[in-house]
Structures are given as C-alpha cells and as structure tokens.
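J.: Sequence:
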Amino acid sequence: MEYGQMVSCTAPGDGLCRQQPSAERSVPGYQNHPKETQYKARTRKFPSGSGYDKKDSEKKKNRITELLQLSFRNGTGCIIFYGILSFISPSIMIAVIFTAANLPYGESGTRLFFLFITALILNCVAIYRFSEALTALIEGRIAEIRIKITEHIRHTDFYSFEKTGVETILTALTYDMKSVSEISNAASFVIRSSFIFISYLFFMATLSLPAFFMTTAVLGIGGIIFAYNQIRIRQTVYQMREGEKKLSAAITDIFDGFKELRLNCRKSDDFFYKSFMRRGSRLMKLKLRAAARFTDIYTLVYGLWQTLFILCVLILPFAGFFSGNMLMTFAGVIVCLPVSSFANRFSIITLSSISMQRLYELGEELEHQEDELTESAAAMETGESEFREIRYKNISFQYEEESERPFSVGPLSMTFRPGEIVFIIGGNGSGKSTLLNLLTGLYPPRSGTVFLNGEEIGAARCRSLFSAIFYDFHLFDRLYGLEDIDADRVNNLIRLMQLEEKVRFDGDRFSTLDLSTGQRKRLAMVAAIMEDKPICMFDEWAADQDPEFRQYFYEALLPSFKAEGKTIIAVSHDDRYFHVADRVVKLEYGQIAAEPDSADI
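Quick note on numbering: my numbering labels position 336 of the sequence shown as 336, and the sequence is numbered without any gaps.
Honestly, I wouldn't trust all of these hints.
[Unchecked claim] Quick list of the computed label-pair ranges, beta carbon to beta carbon:
hint, residue 1, residue 2, range
1, Q398, G454, 26 to 34 Å
2, K287, E151, 26 to 34 Å
3, E361, S268, 30 to 38 Å
4, V166, F202, 47 to 55 Å
5, E151, T252, 19 to 27 Å
6, H579, D488, 34 to 42 Å
[What the hints assert, rightly or not] In silico EDC-like cross-links for lysine to aspartate or glutamate, where the CA-CA straight-line distance does not exceed 20 Å:
hint, residue 1, residue 2
7, K259, D544
8, K562, D532
9, K178, E144
10, K586, D539
11, K148, E162
12, K178, E244
13, K586, D575
14, K267, D256
15, K533, E455
16, K267, D253
17, K393, E456
18, K163, E151
19, K148, E167
20, K274, D256
21, K259, D270
22, K163, E400
23, K533, E389
24, K285, D296
25, K274, E242
26, K163, E364
27, K586, E540
28, K393, E420
29, K246, D270
30, K178, E132
31, K287, E244
32, K259, D269
33, K246, E167
34, K148, E365
35, K148, E364
Source of the hints: derived by calculation from the structure; they are not laboratory data.
Don't be surprised by glycine CBs; every beta carbon is placed ideally from N, CA and C.
Please construct the entire structure, taking both the sequences and the accompanying hints into account.
T.: Structure representation (structure tokens):
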C-alpha cells in the first residue's frame, strides 16, 4: 500500500511493480493534473532499468501524437504546418535569387537551380494545401454562424421577431453571408503575400540596411494612409448595407402589394419613382462612392510602390549601397511582389469583416431576445395527455411604441377546459390577433401567470398545447414534427375536406400547394388534425370558405372536435353560428367587454 494505492512486487529490487488503478485515475485528465504530476515526481523512485521511464515516455509521445492528429483533423494543424512551409519556401527562393545574383561570372549554379526548383515545388504544394485548409476552416465557421443565427431565430419570441424585421434577417442571411463567403480566397492570398513580404524585408535587411529602412518607411506611410481609407470605406459600406435593406423592403412591397399596384396605375407609378427608384438611386451612389475609394486605395498603393522602386533604383546605387547585379535582382523582386493584388484582396477582407460584424451583432441581438429553453419532449407529451384545464391569470401585453398611449391588451383572466368551444369576437383593432398570440404563448405576457392543471408553466410549454391556423398562416408541403405518418388517414382527411381532386399525400409530402386560399386553409386543417393537440385555435378560418363548407365547419367539424375532448378557440364574425359556441368573448380596446350568452347573441 502506497499513498492510497495497491502496489504488488514479485521481489525486492526486481522493478516489476504493477500499480492497481484507482477510480480517480480513470477520470480523463486526472493524470495531467499539476499536483498529481508533482506528487509522482516527489514520491515515486523506480530502480534504473525498470522500464517505467520508457513506458512513461511512450505515453507522452502518444498524447502528443493524439493532439497532433486532433489538430490536423479540425484543420488547425494543416494551416499552421503549411503556413510555416509557405513562409520558408519563398524565403529559400528569394535567398537563392540573391545568392545567384552575386555568383562570380562563369561559376556553376546547378545546386542553386535544383534548390530553387525544390523550394518552388514545396511552395506550390504549400499554397494549395494552405488555401484548401484555410478555406475549409472559414467556410465551416460561416456555416456555424448561419446555423447559429437560424437557431436563434427559431427560439426567439414572435414579438421580437416582428420587431427585428424580416428584411434585416434576410439581408444578413443573403447579402452578408455572400460577402463573408468571399473572405476565404482573399484571406489565403493576403496571408501568403504577407509571408513573401516578410521574407523579402528580412533578406533586404541582411543585404542593405538603407534599402530596408527606406522600404519600411514607405510601407509605414502607405499603411497609415491605407488604414485611414479603410475606415472611410467602412462608413460607406455600412450605409450601403442599409441601402440594400431598404431596397429589399421596396421589392417586398412590390410583391406583397402587386394587386393593389396593378389595379391603380397612378399609385404604381408614384410608388415606383418615389420609393423603388429613389432607394435604388441612393444605393447606386453609395456603391459608386465605395468603388471610387477602392480605386483611390489601389492607385495609392501602386504609386507608393513605384516610388519605392524609383528611389531604390536611382538613389541607392549612387550612394554605393548596391552593386550592378544586386540592383537588377533587387528591382526584379520589387516588380514581382504582389502589392496591388494584396491591396485589392485586403479590401475584400474589409467588406467581409463588416458583414461578419453585422452577423455577430444580429446573432447577439437575437440571443438576447431568445425565448426560454423549450422543455423536453417527454414533459410536453405528459402535459398534453393530462390536459384538464389551462388558466390565464391577469395576463397582459403592451407594444413598445413611441406614442404616449401604446396599444395594450389586458390584464385578462380566462380559463379553457377540454370539450369547450369558445368564440372570440370584436371589431377591427380590438386586439383579437394580439390576444391569440398571447394565449398561444407567441407573445410573452408582460404580466400575469399561466397555469396548466393548476401548475404554473412558461411560454414554451404553453405553445406545445396548441394547433393553430392563423389568418396569415403558412402551409408547409410536409407534416413536419410527426413520425410514422399514416398516409391513408391523411388522404381520408383530404377527401373529408373535398380536396381529393386537387391534392394527395404521397407518403411524405403533399403533391401540390397550388390551391386557392380557401383550399389551402382546408389543407392546413388536415395538418392541424394530424398534429392532434389538445387545443385548436382558428383565426377566421371560415372567412374564405363557400357557404356550404362554412356550414360544415361550424355545425359538423367543430362539434366533432368537441366530442373528442378538444378545446376550440376561434375568432369569428359569423353571428348566425354563434349558437355552436359554449362561450362568446367580446373584446373592445384590448379588454373583455362582456361574455354574453351565445343563445342571446
């Protein structure tokens, strides 16, 4: 027994000791703990030749190997390795060029030639592998950002989503993502060019300090001016991005208001010239301004580099710093350096970095607005199967507006039970849609509490109880969220909705969604029935149905839901069918005005 461990030895001094592993040492990373390492070094002394040192060394080598394998697997190791190779190989090439320029006349340069060819091959391989690994890493990061933003969008509450705006999100996921994706090749080129510049400056310093200081001074002055222009470009690009968002909003208005604009030529012309053309013209001017500033940067860099070339060629030789051969080599290297391309690629990185910053800002904004974490599916299923009552106590919601009296709904107290049909009525602007969003958990209540079977619940649990067909509903071509779908049952429901001649369910999706609004609502009803949630919410579902099917909805479909024990909450203006409801709730200015008896209505 040693320090809490069982140690067995066959004989003293033979060095064949086997330590029994403890539960603590089976934990990953435990053996790497600094105190444990120090403890072993202080207490364990094995006889020489025991083989322990060799085994410990092999373990360390294995850990290093595993670390390297992990680094190369995620691309970081490849980037570092081929990045170093991209720095060494051009350095060798430049050294060979300068060395060859100083060879005495007639001396063979065969070794230098083969050394240059070898360095050139290594450089080509390094460029290819470095660019490939860096592009994979950057594209992987871009994909992670896209997924992260989409995840935040999925989990943000509906009101925050409306406040952020579809145009802002679409601009980020299209314009900004496209801009960021261009950073891969540009970053690879800029990094490799930087290696070449560093190699060039290093060998210049070894050959001529005046030339090195002159080059450094010119690069420093150019870098300061370049950075200043990059700041100016960033401001223009920010404005350009806002212009893209406004133009996208105008295009959306054309699509959404196509019928209204097509009906009224004067309105169409007025919108086209005052909205679309004005925003398009503004965006064009911003793009021209940005292009002009990029041209200024290119011209500046090109002019400074040519100035450096002239200074080094005309001044340094007369000062005796260069020999004839060295001057020609020096001039040739300056001409071949990718200065202009470096400036252009760096401008692309500037644009991409702005888009990247916008994406991060949007991600943080959505993350702050993100709704509570969704409960586990098991908890939701349990809640649905045991639904006995949902009660809203003093819930309220108020829009964040700049007006002195922003519109609000509540505080309201309501209770819904299984097998109950409740109609919500009220005039335009009374708060019906806001109340539905509040009841379903899409809008987080500013105050009040929601109870399910007497237990307080959050918005996510509340949402899991509802199947809804909103007034501005969206119809998916598949029944997402359902497993082991019975295609025969779906097609039977389609026949029940009198859509069998228009659409069918082909195992995993509907054959078409090219239907009229009323027919699309019927197909949405099929999807809602298949979800089989305890509470069904319909926002003026019958408004787009013909009289025959409207009667079927009120007098056959809703009573069948009630017989199954489902709770029905429906916004309706069909007063001739109010007798179907168990309760009718009337809203006025966001408050419950009355709950009159349906028979009286």
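J.: All the hints need checking, so say for each whether the structure fits it.
T.: Each hint tested on the structure:
Taking 26 to 34 Å as the suggested C-beta distance range, the pair Q398 and G454 conforms, at roughly 28 Å. At roughly 32 Å, the beta carbons of K287 and E151 sit within the given window of 26 to 34 Å. Distance hint for E361 and S268: a CB-CB separation of about 36 Å, consistent with the stated range 30 to 38 Å. With their beta carbons about 53 Å apart, V166 and F202 fall inside the hinted range of 47 to 55 Å.
The hinted range of 19 to 27 Å is satisfied by E151 and T252, whose Cβ atoms lie roughly 24 Å apart. For H579 and D488, the Cβ-Cβ distance of about 35 Å falls inside the hinted range of 34 to 42 Å, so the restraint holds. A C-alpha spacing of about 18 Å is found between K259 and D544, which places the hinted pair at or below 20 Å, so the restraint holds. Our distance criterion of 20 Å between C-alpha atoms is met by K562 and D532, whose separation comes to about 13 Å.
Taking the CA atoms of K178 and E144, the gap is near 14 Å; set against the 20 Å cutoff, the hint holds. Restraint check for K586 and D539: satisfied, since their Cα atoms lie roughly 15 Å apart, inside the 20 Å limit. With a C-alpha separation of about 19 Å, the suggested pairing of K148 with E162 holds against the 20 Å cut-off. Proximity of K178 to E244 is assessed by CA-CA distance (about 13 Å); at most 20 Å being required, the pair is judged to hold.
Taken as a hint, the K586 and D575 pair is honoured in the structure, with Cα atoms around 12 Å apart against an allowance of 20 Å. Taking the CA atoms of K267 and D256, the gap is near 14 Å; set against the 20 Å cutoff, the hint holds. A distance of roughly 19 Å separates the Cα atoms of K533 and E455; the hinted pair therefore holds under the 20 Å criterion. Pair hint K267 plus D253 holds up; C-alpha atoms about 13 Å apart against a cutoff of 20 Å.
A C-alpha spacing of about 10 Å is found between K393 and E456, which places the hinted pair at or below 20 Å, so the restraint holds. Taking the CA atoms of K163 and E151, the gap is near 17 Å; set against the 20 Å cutoff, the hint holds. For a cut-off of 20 Å, the pair hint linking K148 to E167 stands: about 18 Å separates their Cα positions. Of the supplied pair hints, the one linking K274 and D256 holds, its CA atoms being roughly 17 Å apart against a limit of 20 Å.
Among the hinted pairs, K259 with D270 is consistent with the structure: their alpha-carbon atoms are about 15 Å apart, no more than 20 Å. Proposed proximity of K163 and E400 is supported: the alpha carbons are some 9 Å apart, at most 20 Å. Pair hint K533 plus E389 holds up; C-alpha atoms about 14 Å apart against a cutoff of 20 Å. Between the alpha carbons of K285 and D296 the distance comes to roughly 16 Å, so the proposed pair stays at or under 20 Å and holds.
Between K274 and E242 the alpha-carbon distance is near 18 Å, which keeps this suggested pair within the 20 Å criterion. The hinted pair formed by K163 and E364 meets the criterion: a straight-line CA distance of about 15 Å does not exceed 20 Å. Only pairs whose Cα atoms come within 20 Å are accepted, and K586 paired with E540 is accepted, the gap being roughly 15 Å. A hinted pair counts as satisfied when its Cα atoms are at most 20 Å apart, and K393 with E420 qualifies at roughly 19 Å.
Under the criterion of a C-alpha separation no larger than 20 Å, the hint pairing K246 with D270 is consistent with the structure, at around 17 Å. Restraint check for K178 and E132: the C-alpha separation of about 19 Å stays at or below 20 Å, so the hint holds. For the hint linking K287 to E244, the alpha-carbon distance of about 10 Å falls within 20 Å, and the restraint holds. Straight-line distance between C-alpha atoms of K259 and D269 comes to about 14 Å, which keeps the hinted pair within the 20 Å bound.
The straight-line distance between the Cα atoms of K246 and E167 is roughly 8 Å, inside the 20 Å bound, and the hint therefore holds. Under the criterion of a C-alpha separation no larger than 20 Å, the hint pairing K148 with E365 is consistent with the structure, at around 12 Å. At roughly 10 Å between alpha-carbon atoms, K148 and E364 fall within 20 Å of each other, so this suggested pair holds.
Checked against the numbered hints listed earlier, the structure breaks none of them; every hint is satisfied.
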